[in-house]
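First to last, the sequence lines map onto chains A and B.
Each residue of the first sequence is one higher than the one before, starting from 1 at the first, in our numbering.
Each residue of the second sequence is one higher than the one before, starting from 1 at the first, in our numbering.
Careful: at least some of the hints might be erroneous.
No copy is singled out in the list; a pair is fine if it fits within one copy or between any two copies.
[Said to hold, decoys possible] Only pairs whose alpha carbons sit at most 30 Å apart, straight line, appear in this in silico DSSO-like list of lysine-lysine:
| id | residue 1 | residue 2 |
| --- | --- | --- |
| 1 | Lys310 | Lys261 |
| 2 | Lys201 | Lys277 |
| 3 | Lys310 | Lys168 |
| 4 | Lys259 | Lys317 |
| 5 | Lys2 | Lys38 |
| 6 | Lys310 | Lys38 |
| 7 | Lys6 | Lys75 |
| 8 | Lys70 | Lys168 |
| 9 | Lys256 | Lys317 |
| 10 | Lys67 | Lys261 |
| 11 | Lys310 | Lys46 |
| 12 | Lys317 | Lys6 |
| 13 | Lys46 | Lys160 |
| 14 | Lys317 | Lys46 |
No lab work stands behind these hints: they were computed from the structure.
Letter by letter, the chains look like this.
Number of protein chains: 2
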Amino acid sequence: MKELSKLMDFRPDIRVVDATLRDGGLVNDFYFTDEFVKALYAANLKAGVDYMEFGYKASSEMFDPDKFGKWKFCKDEDIRQIVGDNETDLKIAVMADVGRCDYQKDIIERSESPIDLIRVATYMNSIPTAVDMIEDAAKKGYETTCNIMAISNAQEADVKAALDMLGKTPVNGLYIVDSYGALYPEQIARIVDLFMNAAEKYGKKVGIHAHNNQQLAFANTIEAVGDGADWLDATYGNMGRGAGNCAMELLLGFLKNPKYKVYPVIQFIERYMTAMKESVTWGYDVQYLLTGLLNQHPRAAIQFTREERKDYAEFYKELIVQD
Amino acid sequence: MKELSKLMDFRPDIRVVDATLRDGGLVNDFYFTDEFVKALYAANLKAGVDYMEFGYKASSEMFDPDKFGKWKFCKDEDIRQIVGDNETDLKIAVMADVGRCDYQKDIIERSESPIDLIRVATYMNSIPTAVDMIEDAAKKGYETTCNIMAISNAQEADVKAALDMLGKTPVNGLYIVDSYGALYPEQIARIVDLFMNAAEKYGKKVGIHAHNNQQLAFANTIEAVGDGADWLDATYGNMGRGAGNCAMELLLGFLKNPKYKVYPVIQFIERYMTAMKESVTWGYDVQYLLTGLLNQHPRAAIQFTREERKDYAEFYKELIVQD
């Protein structure tokens with residue numbers, strides 16, 4: 001059982017990362033209005049959020065800029081248009097995917113950029129490229145995290161090896177990403193333990209990014225907090241790919257640090273997310289539960305949602321017959 | 001951290017209670033069609049559910065039978081119309097509220113009734129009446145549980161005293177009811193510990209009934225399982241008062257006992273719950289999060305929902321100004 005004193009008090013090391021534009025962008029192809037993004041930035045400032053992730057630094061060679069909103073590419077000038085010189089305590093983050101980012105070229109010196117944090121997203125099989133991206137970004141002056149996706153499919157021995165490789169880089173944070181929303185809190189406890197061992201050895205922080213396939217994104221996030229994770233991802237109204245993420249309004253309600261305020265989040269949801277929900281679909285539903293339960297990528301469930309199918313039982317049969 | 005062997009294996013003592021008609025009845029005034037109830041009974045049989053709660057044994061002196069569906073009253077003949085003599089392994093439960101049930105008269109001898117389990121629901125201030133109801137039902141031959149509501153508002157010393165009083169009765173199960181959906185898993189762990197101490201002393205079982213105000217109904221239920229609770233309430237599609245309950249489809253996906261099957265639950269949801277959702281409203285929303293966060297009864301949030309209000313920020317201010 002966790003210590004009572006730890007539940008009543010707070011750890012000043014905790015960092016809340018708003019991933020609404022980035023993970024939420026996956027459900028609206030990053031077409032957010034400037035008004036929305038400016039209001040979100042203002043809400044994050046008022047709510048005491050520590051980092052705001054604007055989107056991806058995606059390769060414009062690989063992805064057609066005419067087919068996505070600008071936050072898939074997060075050009076420095078587009079961020080500046082929202083935040084100016086960002087003379088605030090809110091830091092700016094972007095995600096750089098292994099194999100989908102021209103990082104040498106598109107990520108410039110931090111001193112020239114409004115961005116503070118580069119989050120390198122990788123699967124277990126591309127850790128060496130992630131290491132190169134982390135070193136590149138760190139050399140340019142950025143804070144960095146490494147977000148290891150699909151952790152529920154990784155072998156413990158491989159995770160240990162990857163954490164040892166990453167421990168030797170300048171990376172600041174090691175992120176557990178439950179991409180499939182497949183993990184239960186008890187499994188999160190074990191994985192955080194694994195990450196914490198490496199983090200303590202190498203002087204890193206541990207982060208958590210959860211998905212809500214089994215209505216556990218918030219529960220898994222607070223489980224991880226109790227186990228020592230300091231960097232916590234959340235999105236307004238759970239907005240995110242498939243079943244969505246840990247809700248910011250739940251997370252800030254839980255955290256005890258008086259700097260965090262839930263009221264600006266509620267205001268933002270009322271003004272912007274309710275309308276967003278009318279045109280864009282995300283959030284817990286049976287099809288996402290099923291891919292989560294079966295520890296599968298949600299792509300089949302996303303397709304099921306797009307086709308407005310409701311034949312959950314047939315879908316279940318499709319998922320388990322994997323000839 | 002919980003033992004790995006306990007997570008991979010299962011406890012044969014676990015009992016799953018389907019509370020769809022009872023807690024779900026609170027959102028549709030118990031107007032379920034006979035077709036729905038028969039199909040639910042069939043689904044529970046196929047899914048391996050242990051108990052099906054049909055509704056309340058409410059006093060027809062206090063409540064007008066013309067203003068509610070029949071499952072608010074659960075007459076024995078109405079249950080028989082669905083289950084016949086119920087020659088199955090699925091047991092039949094009803095809830096009897098302290099102060100709202102003419103138990104001496106309306107609960108007949110078990111040998112004459114299709115009902116197996118009487119669930120006595122009480123607040124902390126009416127334990128002596130609950131004790132009388134438990135003794136009455138036990139004398140008539142029923143299994144009994146005592147469901148202590150609004151546990152998040154109870155003092156630990158009072159809970160201990162109540163558990164000692166209940167421990168000396170013939171009650172089979174001591175139920176933790178998070179009526180306000182206010183508790184975090186870490187608090188559940190502490191409360192289960194309190195209940196387990198009494199349960200072990202008196203040879204009782206512990207149960208959990210969770211609400212989903214903070215998207216934690218499932219997480220709190222599986223936390224309680226890991227801590228030793230054996231009786232678990234769930235509802236199809238989370239159907240229940242306000243933010244709803246722990247979803248049956250999530251719970252059966254988690255439990256490892258091969259007797260539990262998730263497929264019949266998915267089938268039932270597809271055939272019946274999707275349609276139900278079109279005419280009846282329940283489930284997680286910001287207003288329920290707020291009452292849960294503030295550890296308040298959800299009645300203001302239910303009213304907010306009924307009025308189709310969406311001004312969450314104003315509602316938050318109403319909740320915190322309690323002059």
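Here is what the structure says about each hint:
Within a single copy, Lys310 and Lys261 get their C-alpha atoms only as close as 38 Å, which misses the 30 Å cut-off; across copies the closest is 20 Å, which meets it. Taking the shortest alpha-carbon separations for Lys201 and Lys277, neither the intra-copy value of 44 Å nor the inter-copy value of 51 Å comes in at or below 30 Å. In the homo-oligomer, the alpha carbons of Lys310 and Lys168 never lie at most 30 Å apart, since the shortest distance is 48 Å inside one protomer and 50 Å across protomers. For the identical chains of this complex, Lys259 and Lys317 are inter-copy neighbours only, at 19 Å across copies versus 48 Å inside a copy, given an alpha-carbon limit of 30 Å.
Proximity of Lys2 and Lys38 under a CA criterion of 30 Å is satisfied in neither setting, with 39 Å inside one chain copy and 44 Å between copies. Within a single copy, Lys310 and Lys38 get their C-alpha atoms only as close as 36 Å, which misses the 30 Å cut-off; across copies the closest is 22 Å, which meets it. In this homomeric assembly, Lys6 and Lys75 never come within 30 Å of each other (Cα to Cα): the closest approach is 41 Å inside a single copy and 50 Å across copies. Proximity of Lys70 and Lys168 under a CA criterion of 30 Å is satisfied in neither setting, with 34 Å inside one chain copy and 67 Å between copies.
In this homomeric assembly, Lys256 and Lys317 come within 30 Å of each other (Cα to Cα) only across copies, at 20 Å, whereas the closest approach inside a single copy is 44 Å. For the homomeric pair Lys67 and Lys261, neither the shortest alpha-carbon distance inside one copy (36 Å) nor that between copies (43 Å) is at most 30 Å. When the C-alpha separation of Lys310 and Lys46 is checked against a cutoff of 30 Å, the pair qualifies only between copies, where the shortest distance is 21 Å, while the shortest distance within a copy is 40 Å. Proximity of Lys317 and Lys6 under a CA criterion of 30 Å is satisfied inter-copy only: 29 Å between copies versus 44 Å inside one chain copy.
In the homo-oligomer, the alpha carbons of Lys46 and Lys160 never lie at most 30 Å apart, since the shortest distance is 39 Å inside one protomer and 42 Å across protomers. Taking the shortest alpha-carbon separations for Lys317 and Lys46, only the inter-copy value of 17 Å comes in at or below 30 Å, while the best intra-copy value is 47 Å.
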